[in-house]
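Using the sequences provided together with the hints, build the complete structure.
Protein chains in written order, with our numbering: chain C, 1 to 561; chain R, 1 to 561.
Keep in mind that the hints were calculated from the coordinates and are not lab data.
A portion of the hints provided could be inaccurate.
Which copy? The list can't say, so a pair holds if one copy fits it or any two copies do.
Said to hold, decoys possible - Here are the computed lysine to aspartate or glutamate pairs in the EDC-like style, where the Cα-Cα straight-line distance is at most 20 angstroms:
1) K502 to D74
2) K111 to E501
3) K201 to E54
4) K23 to D493
5) K532 to E281
6) K199 to D493
7) K87 to D112
8) K145 to E114
9) K199 to E501
10) K521 to E54
11) K521 to D38
12) K527 to D74
13) K45 to E360
14) K521 to E490
15) K111 to D83
16) K145 to D74
17) K502 to E84
18) K23 to E256
19) K87 to E176
2 protein chains.
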Amino acid sequence: MTIPSNSSRPPSVLPSSVLQCAKPLRLTLAQINSSVGDLIGNCAKIKSAWGRFEGQTDLLIFPELALIGYPAQDLLLNAGFLDEAEKALHDLASYGRNYSCAILLGTPHQKDGELYNSAVILDRGEILHHCHKQYLPNYGVFDEKRYFTAAEKQPIIGFRGTKLGVMICEDFWYAEPAQYLKSCGAEILIGIHASPFEKDKITQRQNIAQQRFSENQLPIIYVNQVGGQDSLVFDGHSFAVNAAGQISHRLKGFDEDFLTIRSDELLQTASHEAPLEEQPESLAYNAACLGLRDYLKKSGQSGVLIGLSGGVDSALAAAIAVDAVGAYNVHAIMMPSRFTAQQSLDDAALCAQNLGISYEIIPIETLMQSFMTLEPNTQGLAHENLQSRLRGLILMTRSNMTGAMVVTTGNKSEMAMGYATLYGDMCGGYNPLKDIYKTEIYRICDWLNQTQAAQSAGLGGIIPQSILDRPPSAELRDNQTDQDSLPPYEILDEILHHLIEKNLSISATIARGYDGDMVKKIATLLKRAEYKRQQSAPGPKISRRDLKSGRRYPICNGYNS
Amino acid sequence: MTIPSNSSRPPSVLPSSVLQCAKPLRLTLAQINSSVGDLIGNCAKIKSAWGRFEGQTDLLIFPELALIGYPAQDLLLNAGFLDEAEKALHDLASYGRNYSCAILLGTPHQKDGELYNSAVILDRGEILHHCHKQYLPNYGVFDEKRYFTAAEKQPIIGFRGTKLGVMICEDFWYAEPAQYLKSCGAEILIGIHASPFEKDKITQRQNIAQQRFSENQLPIIYVNQVGGQDSLVFDGHSFAVNAAGQISHRLKGFDEDFLTIRSDELLQTASHEAPLEEQPESLAYNAACLGLRDYLKKSGQSGVLIGLSGGVDSALAAAIAVDAVGAYNVHAIMMPSRFTAQQSLDDAALCAQNLGISYEIIPIETLMQSFMTLEPNTQGLAHENLQSRLRGLILMTRSNMTGAMVVTTGNKSEMAMGYATLYGDMCGGYNPLKDIYKTEIYRICDWLNQTQAAQSAGLGGIIPQSILDRPPSAELRDNQTDQDSLPPYEILDEILHHLIEKNLSISATIARGYDGDMVKKIATLLKRAEYKRQQSAPGPKISRRDLKSGRRYPICNGYNS
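And the structure:
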């Protein structure tokens with residue numbers, strides 16, 4: 001990764017604190033993908049980077065809790081695990097005793113019966129400079145007060161003639177820690193992070209970094225974890241802010257990446273800001289791919305089974321699966337009933353062909369007839385669910401026979417409304433679309449078709465256009481469309497956004513200009529479907545507030561307003 | 001409820017602080033069953049008690065957060081809900097303006113942008129004496145730091161000539177708040193609680209109460225919530241400690257109850273301690289009944305469907321369902337395959353007959369044959385799961401047709417080991433046995449058969465004895481028993497108890513004297529089944545550490561020790 005030079009403009013007057021840096025220090029942002037609990041694997045990854053950069057850097061900077069992965073949840077309550085983590089840290093320090101470069105690393109730290117979320121420098125065989133997190137996030141998807149003790153103000157770290165101000169994730173989001181570090185003489189601010197992806201998070205992080213810069217006039221290094229962990233995706237996108245307050249360096253999104261920056265380079269005022277080239281659709285798509293890829297990898301699986309319906313959700317999920325594990329590892333099954341349109345069969349087949357995945361048709365009619373012989377009164381919603389459940393049964397049986405994991409594909413609009421069959425189309429190990437609204441699904445497909453257009457010339461894009469053009473339908477009865485039961489998705493998704501992401505009450509939502517009865521109906525369905533969501537597969541958080549650990553509602557809930 | 005008189009023994013010398021009470025105060029412990037979010041219903045319940053005790057008491061004492069129910073989870077982040085709760089509190093105060101008796105009530109309280117877990121006294125139309133919780137539990141099943149701000153030391157409350165020291169739940173578990181209240185002149189300590197049931201919790205609460213007494217020599221009133229809420233059961237069992245430090249008054253377990261105590265009565269030293277008559281088996285059974293009953297009631301359901309297998313788990317679950325909602329509301333379906341023994345059919349039928357529930361047999365053989373025609377290679381584990389899933393399909397279809405909720409019956413040993421079929425026997429809205437080990441299931445059945453023996457004379461107990469005598473089997477292949485795949489339950493449950501409740505590492509568990517390979521195998525299965533548990537139905541917490549909100553482990557977990 002190369003950084004645009006700034007030689008064409010004279011440097012601005014630098015703040016005095018910045019000028020104090022003794023001599024150029026080489027700092028390497030080490031954006032790695034740690035696995036929760038995998039001490040052996042994480043140490044191997046850290047050692048590999050350490051060896052690779054030996055001689056080329058002074059300090060490798062790893063993310064928050066990189067030693068144990070994030071979030072380790074109740075592993076942090078397991079004394080045996082914490083002791084092994086401490087042993088691993090000592091082994092790591094000892095491993096690097098002959099290296100000239102040091103590493104800065106996030107690790108849990110036990111002291112006087114308390115547990116801290118800490119950073120240490122491992123330098124020439126020694127563990128130096130424990131500094132501890134002060135602000136423990138305990139909102140949204142975070143539960144750090146369950147595990148850690150909050151520390152008081154932390155001192156600066158003198159490292160090879162430069163004064164570093166180290167902050168751990170949340171500490172960076174408040175003004176006080178950086179200001180205190182500056183008052184202690186810090187010359188560079190370093191944040192180590194495990195910051196989960198959200199659609200707007202990259203902008204938020206940059207805004208906060210620029211706020212910290214404007215308060216302190218110090219360059220900033222921001223190292224984020226990358227990788228999927230259950231329902232969270234860490235997107236990487238590490239960056240640096242130079243002495244002009246510009247985002248002068250960026251690391252990749254959604255992949256491991258390393259970048260070495262010299263402190264004198266960081267201390268110059270740059271004329272050029274490194275642009276962010278991703279757009280909302282590509283970010284969401286890549287987050288879903290990484291979420292699925294790492295869920296499979298970190299749970300020891302590789303194959304994917306997916307039920308293709310000829311609809312947009314399963315088509316996008318199949319594309320994501322192919323990106324995650326390769327077409328060779330994805331098998332699609334189309335399971336038509338008498339209600340399945342020929343167009344659906346055609347579209348599913350074309351989609352599988354475009355993606356290069358194996359494709360099979362297993363009609364469910366004979367099973368349905370067999371069931372109806374046994375339970376002849378089955379009708380209405382029960383009959384619709386029956387079809388969905390027979391499909392789930394076929395997929396799960398295949399999964400048990402082959403070891404491939406079923407990917408389930410209900411989008412956020414459906415999961416919010418309960419427009420999904422428990423133990424039917426909700427069967428599966430992971431749902432890459434779980435936190436993506438239906439209207440966003442369409443936008444992502446459009447984006448995907450445009451970006452892939454070059455590779456799939458003549459096909460009209462990976463996702464067949466007729467899938468995008470037809471009105472969405474579950475095809476569980478004749479002439480059904482989603483809009484028989486739900487408002488148009490454009491309206492539904494807006495209202496859901498008010499109720500979920502903005503956490504507005506029914507009346508506050510109605511006051512935004514929506515039909516009162518419609519808002520009440522949607523809010524009621526949202527509440528009623530909680531029992532389904534609590535039995536649903538995990539899926540990557542994409543929005544500001546997902547429907548799992550980001551929004552923790554009771555199933556039994558007597559609040560109706 | 002009457003209390004044994006203490007007139008036969010002269011009172012001991014009372015501590016001076018106790019003697020300061022100005023005149024007898026009548027205090028009523030109001031152990032009510034609030035519903036989370038149901039402001040209208042909870043207020044109606046409070047008003048009803050208020051009216052009933054008007055003229056008979058001075059102060060009605062309701063549980064922690066009785067106005068809104070506990071735990072309200074992310075409803076506490078909903079500004080509209082909090083505003084409505086505040087309005088409801090004002091309405092309630094106004095409602096009681098002409099009553100001579102006051103109420104002490106737990107309520108959320110918004111102040112200066114912070115939210116407190118508070119207690120107020122409503123007296124003659126006024127809202128008086130906000131006092132706020134100081135210690136916010138954020139461990140185990142608790143997440144109060146997500147919602148509330150911790151308060152500083154709280155003052156005593158002067159009420160009609162008596163100085164009351166009010167504590168909110170967790171504050172009672174620490175020495176400092178009570179000692180401070182005593183130092184301020186408190187004459188009676190009052191704790192309002194939402195303390196969830198655990199097998200040993202009643203003893204724990206009493207021990208803490210006696211600890212507080214020994215530190216302060218003040219009588220204590222402990223009012224606990226009662227009722228089920230999703231995966232928690234609040235067992236009531238409110239009590240009072242008299243001036244002799246004895247548990248002098250007890251309220252019912254697992255039901256609403258009220259008891260009025262005069263302060264002079266409480267200030268006497270009693271010669272007699274009110275005995276706790278329940279045993280571990282009855283406590284667990286009653287907790288499961290209340291959990292299921294309230295889950296149904298508070299989610300607006302009444303009917304129960306259950307798959308009877310002829311095994312012990314479904315038999316006990318059926319008995320619990322009958323206790324929860326009445327035999328008339330429970331329907332059992334036996335779904336035999338070629339692997340089902342005649343004894344299982346006989347036992348299931350006898351069990352249904354003993355319980356007085358409707359019973360039906362739906363063989364799954366034709367469905368299996370139909371499926372095997374479609375997928376002829378299905379064998380091994382896939383074939384076993386297929387049977388379980390066809391049964392789930394039948395139950396869920398019936399559920400959709402009738403509106404009755406499927407009760408699922410996997411015990412804690414099975415849920416820990418993943419010895420259950422996802423989307424098969426795990427289908428259901430609620431699992432009353434989820435946190436009860438298999439060995440405990442047997443003990444509860446034995447207890448149940450003894451207690452019910454009088455009513456079912458000649459039947460040998462509600463649970464047919466042959467169910468208890470036969471080796472447990474899933475009957476998914478010929479001659480199968482659980483012990484083909486699992487260690488004997490006596491050993492398994494002990495090892496699981498070390499790994500789960502005691503949170504020991506593998507090596508620490510082996511050090512307790514168990515076979516190393518066996519412990520490693522069990523720990524590995526426990527870890528691997530996390531993905532199933534995260535898609536499982538809720539069920540009541542019975543143990544110290546349940547496998548849901550009490551033990552929050554990642555699915556992707558690289559820790560193997």
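Evaluated hints:
1. Taking the shortest alpha-carbon separations for K502 and D74, only the inter-copy value of 13 angstroms comes in at or below 20 angstroms, while the best intra-copy value is 29 angstroms.
2. Proximity of K111 to E501 under the C-alpha cut-off of 20 angstroms is found in neither arrangement, the shortest distances being 39 angstroms within a copy and 24 angstroms between copies.
3. With identical chains, the CA atoms of K201 and E54 are never at most 20 angstroms apart, being 33 angstroms at best within one copy and 56 angstroms at best between copies.
4. For a Cα distance limit of 20 angstroms, the shortest separation of K23 from D493 qualifies neither inside one copy, at 54 angstroms, nor across copies, at 62 angstroms.
5. Taking identical chains as interchangeable, the C-alpha atoms of K532 and E281 are never at most 20 angstroms apart, the minima being 28 angstroms within one chain and 31 angstroms between chains.
6. Taking identical chains as interchangeable, the C-alpha atoms of K199 and D493 lie at most 20 angstroms apart only when both belong to the same chain, with a minimum of 16 angstroms there against 45 angstroms between chains.
7. When the C-alpha separation of K87 and D112 is checked against a cutoff of 20 angstroms, the pair qualifies only within one copy, where the shortest distance is 17 angstroms, while the shortest distance between copies is 46 angstroms.
8. When the C-alpha separation of K145 and E114 is checked against a cutoff of 20 angstroms, the pair qualifies both within a copy, at 12 angstroms, and between copies, at 18 angstroms.
9. Taking the shortest alpha-carbon separations for K199 and E501, only the intra-copy value of 12 angstroms comes in at or below 20 angstroms, while the best inter-copy value is 39 angstroms.
10. Taking the shortest Cα distances, K521 and E54 never come within 20 angstroms of each other, neither inside one copy (62 angstroms) nor across copies (41 angstroms).
11. For the identical chains of this complex, K521 and D38 are inter-copy neighbours only, at 18 angstroms across copies versus 46 angstroms inside a copy, given an alpha-carbon limit of 20 angstroms.
12. In the homo-oligomer, the alpha carbons of K527 and D74 lie at most 20 angstroms apart only across protomers (12 angstroms), although the nearest pairing inside one protomer, at 28 angstroms, exceeds that limit.
13. Proximity of K45 and E360 under a CA criterion of 20 angstroms is satisfied in neither setting, with 40 angstroms inside one chain copy and 59 angstroms between copies.
14. In this homomeric assembly, K521 and E490 come within 20 angstroms of each other (Cα to Cα) only inside a single copy, at 16 angstroms, whereas the closest approach across copies is 51 angstroms.
15. For the identical chains of this complex, K111 and D83 are intra-copy neighbours only, at 12 angstroms inside a copy versus 42 angstroms across copies, given an alpha-carbon limit of 20 angstroms.
16. When the C-alpha separation of K145 and D74 is checked against a cutoff of 20 angstroms, the pair qualifies both within a copy, at 12 angstroms, and between copies, at 17 angstroms.
17. Taking the shortest alpha-carbon separations for K502 and E84, only the inter-copy value of 18 angstroms comes in at or below 20 angstroms, while the best intra-copy value is 42 angstroms.
18. When the C-alpha separation of K23 and E256 is checked against a cutoff of 20 angstroms, the pair qualifies neither within a copy, at 29 angstroms, nor between copies, at 73 angstroms.
19. In this homomeric assembly, K87 and E176 never come within 20 angstroms of each other (Cα to Cα): the closest approach is 33 angstroms inside a single copy and 37 angstroms across copies.
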